[in-house]
Amino acid sequence: MAVTTPRQRVSWGTTNFVVIALALIPVLWLVSLAFKTPTAVLDPSFVPAQWTWGNFHQILSTSQFIRPLLNSIGIGLIATFIAVVLASMAAYAVARLRFPGKSLLIGMALLIAMFPIISLVTPLFSIERALGLFNTWPGLIIPYVAFGLPLGIYTLSAFFREIPWELEKAAKVDGATPFQAFIRVIAPLAAPGMVTTAILVFLFCWNEFLLAISLTSTTASRTAPASIAYFSGSSQFTVPTGPIAAAAVVITIPIIIFVVFFQRRIVAGLTSGAVKG
Amino acid sequence: MAEIVLDEVTKRFPDGALAVDKISLDVGDGEFVILVGPSGCGKSTVLNMIAGLEDITSGTLRIGGQVVNNKTPKDRDIAMVFQSYALYPHMTVRENMGFALKLAKTPQATINEKVEEAARILDLTQHLDRRPANLSGGQRQRVAMGRAIVRDPSAFLMDEPLSNLDAKLRVQMRTEVSRIQRRLGTTMVYVTHDQTEALTLGDRVAVMRTGVLQQVGSPKELYDRPVNLFVAGFIGSPAMNFMSGTLEDGTLHTSLGDFRLSDRLRREVEHAGGRNVIVGLRPENFEDAALVSADARPSGITFRTSIDVLESLGSDVFVYFTQEREQGVNAAELEELAQDSGRADTGASGDTVVARLDAATRIREGRDAELWVDGRAMHIFDPATGRNLSLGADDGGSGGGSSSAQAAPRHAAPDQAASDQAAADDAVATGSVGGASDASPSGEVT
Chain P
1 MAVTTPRQRV SWGTTNFVVI ALALIPVLWL VSLAFKTPTA VLDPSFVPAQ WTWGNFHQIL
61 STSQFIRPLL NSIGIGLIAT FIAVVLASMA AYAVARLRFP GKSLLIGMAL LIAMFPIISL
121 VTPLFSIERA LGLFNTWPGL IIPYVAFGLP LGIYTLSAFF REIPWELEKA AKVDGATPFQ
181 AFIRVIAPLA APGMVTTAIL VFLFCWNEFL LAISLTSTTA SRTAPASIAY FSGSSQFTVP
241 TGPIAAAAVV ITIPIIIFVV FFQRRIVAGL TSGAVKG
Chain C
1001 MAEIVLDEVT KRFPDGALAV DKISLDVGDG EFVILVGPSG CGKSTVLNMI AGLEDITSGT
1061 LRIGGQVVNN KTPKDRDIAM VFQSYALYPH MTVRENMGFA LKLAKTPQAT INEKVEEAAR
1121 ILDLTQHLDR RPANLSGGQR QRVAMGRAIV RDPSAFLMDE PLSNLDAKLR VQMRTEVSRI
1181 QRRLGTTMVY VTHDQTEALT LGDRVAVMRT GVLQQVGSPK ELYDRPVNLF VAGFIGSPAM
1241 NFMSGTLEDG TLHTSLGDFR LSDRLRREVE HAGGRNVIVG LRPENFEDAA LVSADARPSG
1301 ITFRTSIDVL ESLGSDVFVY FTQEREQGVN AAELEELAQD SGRADTGASG DTVVARLDAA
1361 TRIREGRDAE LWVDGRAMHI FDPATGRNLS LGADDGGSGG GSSSAQAAPR HAAPDQAASD
1421 QAAADDAVAT GSVGGASDAS PSGEVT
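Just so you know, the sequences run in chain order P and C. Heads up: the first sequence begins at 1 in the numbering used here, then just goes up one per residue. Heads up: the second sequence begins at 1001 in the numbering used here, then just goes up one per residue.
Take these hints with a grain of salt, some might be off.
Stated by the list, open to error - If you anchor each label on the Cβ, the simulated ranges turn out as follows:
hint, chain 1, residue 1, chain 2, residue 2, range
1, P, T252, C, G1137, 45 to 51 Å
2, P, A113, C, P1014, 27 to 33 Å
3, P, I127, C, T1057, 21 to 27 Å
4, C, G1137, P, L104, 40 to 46 Å
5, P, I106, C, D1203, 29 to 35 Å
6, P, Q263, C, T1057, 47 to 53 Å
7, P, R161, C, K1220, 44 to 50 Å
8, P, A93, C, E1311, 54 to 60 Å
9, C, S1315, P, R161, 49 to 55 Å
10, C, D1021, P, Q263, 35 to 41 Å
11, P, I127, C, G1040, 53 to 59 Å
12, P, G101, C, T1010, 28 to 34 Å
13, C, T1125, P, L24, 56 to 62 Å
Said to hold, decoys possible - Straight-line C-alpha distance at most 30 Å; calculated BS3-like pairs for lysine-lysine:
hint, chain 1, residue 1, chain 2, residue 2
14, C, K1074, C, K1105
15, C, K1071, P, K102
16, C, K1102, C, K1022
17, C, K1102, C, K1071
18, C, K1074, P, K102
Derived by calculation from the structure, the hints in this document are not laboratory data. Just so it is clear, CB atoms sit at the ideal spot from N, CA and C, and this is done for glycine as well.
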């Protein structure tokens, strides 16, 4: 490391502080709102004058939020699982095999990842209505898998490329079929990559709002972010600011836990991925 | 147990590159055959084809009498040791060694028994529950060997298994490989680029160059009777010295002096049509003239030269002297050898000759010395085809120092062979240099 002058340190410190403050102040404001009493919502003070759990009680005591929370978890986990399984197979093929249409597959995956979701909402709505998938779990799982796959294929193929080719040759000579070699040798070594991919896909599903609000109509399949939009105040003219803030805090907690626990894994997995025999 | 028969096996990669060109090789049951050659000569491709990891473009491959061209590796009953060992990092040593048996659905008790026996042979018993990452290089290498042994396959294939070890351990493991092969009596095909390994290990050695099999024979045969320039230069360390020569009236003029050829040898060379030849002399064909008895002298010539470098190994003394530059020889094979040994990159400008002398010599570095070279041991090559012309005339090929084939110490000679591409304008220098005393070094030392 080069020696830093005090001036550099001060300027870097200031810049970092400003960036972090810009990012965190809205979040802290949200937390503050969540703990404020309904009457104090418009109070401009940052720290609530009176702390209350009322907003949390309110949202967690009705199925208006609990059920969507369960939907979010269920849909997210199932979509993640399917996406990772399919993506690992596809990524293996992309990384290892030569087959006709390979570059087309990679191109298509990239295209899907780039496609604006809003342009697909209307066609998806019509298709799902026709197929009876509208407002069901599969109705969200299928598009989530589709949008999670490109991400998964790209991340995982990078991991597979890192695994020495000779390991697979060794497995073949040891008498493994290509499938056995994949399941017993390659997949265990790519596990860090799979965990990373799973986290990324799950976060995508968890945060997704546009499809969730467009392809659901009741709490039977509505996910948590979408359900917040349907919160209503005590009267037609009251904005449920407190409950919305509380719900936002609740759905942020899993993300924070994920990042705190898996941060090292994600970073280490993405940077090294190397397997030394 | 099985023999492996390659019949005109060819490998052409999808991009059109011909990696292996019609190789025919019989590996007998229980035989230890080494495939040796510089990197990129196709030796690993041959091994991969035997293992079933690469498709065979044409030709047939039989293992134990059965054609296995289209069989998957798992149906060929062969075990392979890879250069990188390819140990499964997520498995313990025990699991690594038992993996093949587990796939074959062998009962767990049998697996344990076999793994433990192999571990005993390889001295790995106390490491069985460790993972490859926690083992030293030598231990990993032994695990890789163990993984092959446990299978009790019909043949072992080894792809440069020792090249990732340090020099000392390599020598130890070399002995170990040899011991294991004799103990198990299993057919083994071993690929290496190290000619010392090839000479010390194999029953028979197959030398390859650019996808073509050059010569197959016992180590001694390859050393004493190389069929061409490439084999001659590749086998032996320090390598054979090459210089150009011109044949005139039964006398071979070289920069060292004039050799009188026997009639048979002369006929052979003249029959090949060339007046210009490449002369090959092994370092041990030279001797300090003072130590050569009067009886032996007439079979060779003496010459004076200035010794550039002298290296004493105790048992032997290596001396290096430079030859005149315009006497440089040039042939595709020599150029490739130089590339392979890294000689081409060291920028040697003169053509250095290395001679191995008796330890009793009194020759000093930097002084002039009188050396004697044995004419009977000389090899004569056709510069155009690289063919060894002296093989037909037997008295030329099996002279002097041939008995030391296996004892030749490893020696990192930097630039002993005369092969500097830039030095020679023509394929062979045409001007013949007459007297023996003309061999003094020219002014152009590196």
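For each hint, the structure was consulted:
no., hint, verdict
1, P:T252 - C:G1137: 45 to 51 Å, "holds, 49 Å"
2, P:A113 - C:P1014: 27 to 33 Å, "holds, 30 Å"
3, P:I127 - C:T1057: 21 to 27 Å, "violated, 49 Å"
4, C:G1137 - P:L104: 40 to 46 Å, "holds, 44 Å"
5, P:I106 - C:D1203: 29 to 35 Å, "violated, 50 Å"
6, P:Q263 - C:T1057: 47 to 53 Å, "holds, 50 Å"
7, P:R161 - C:K1220: 44 to 50 Å, "holds, 46 Å"
8, P:A93 - C:E1311: 54 to 60 Å, "holds, 56 Å"
9, C:S1315 - P:R161: 49 to 55 Å, "holds, 50 Å"
10, C:D1021 - P:Q263: 35 to 41 Å, "violated, 55 Å"
11, P:I127 - C:G1040: 53 to 59 Å, "holds, 56 Å"
12, P:G101 - C:T1010: 28 to 34 Å, "holds, 29 Å"
13, C:T1125 - P:L24: 56 to 62 Å, "holds, 58 Å"
14, C:K1074 - C:K1105, "holds, 13 Å"
15, C:K1071 - P:K102, "holds, 27 Å"
16, C:K1102 - C:K1022, "violated, 37 Å"
17, C:K1102 - C:K1071, "holds, 21 Å"
18, C:K1074 - P:K102, "holds, 28 Å"
Comparing the model with each earlier hint shows violations of hints 3, 5, 10 and 16; every other hint is respected.
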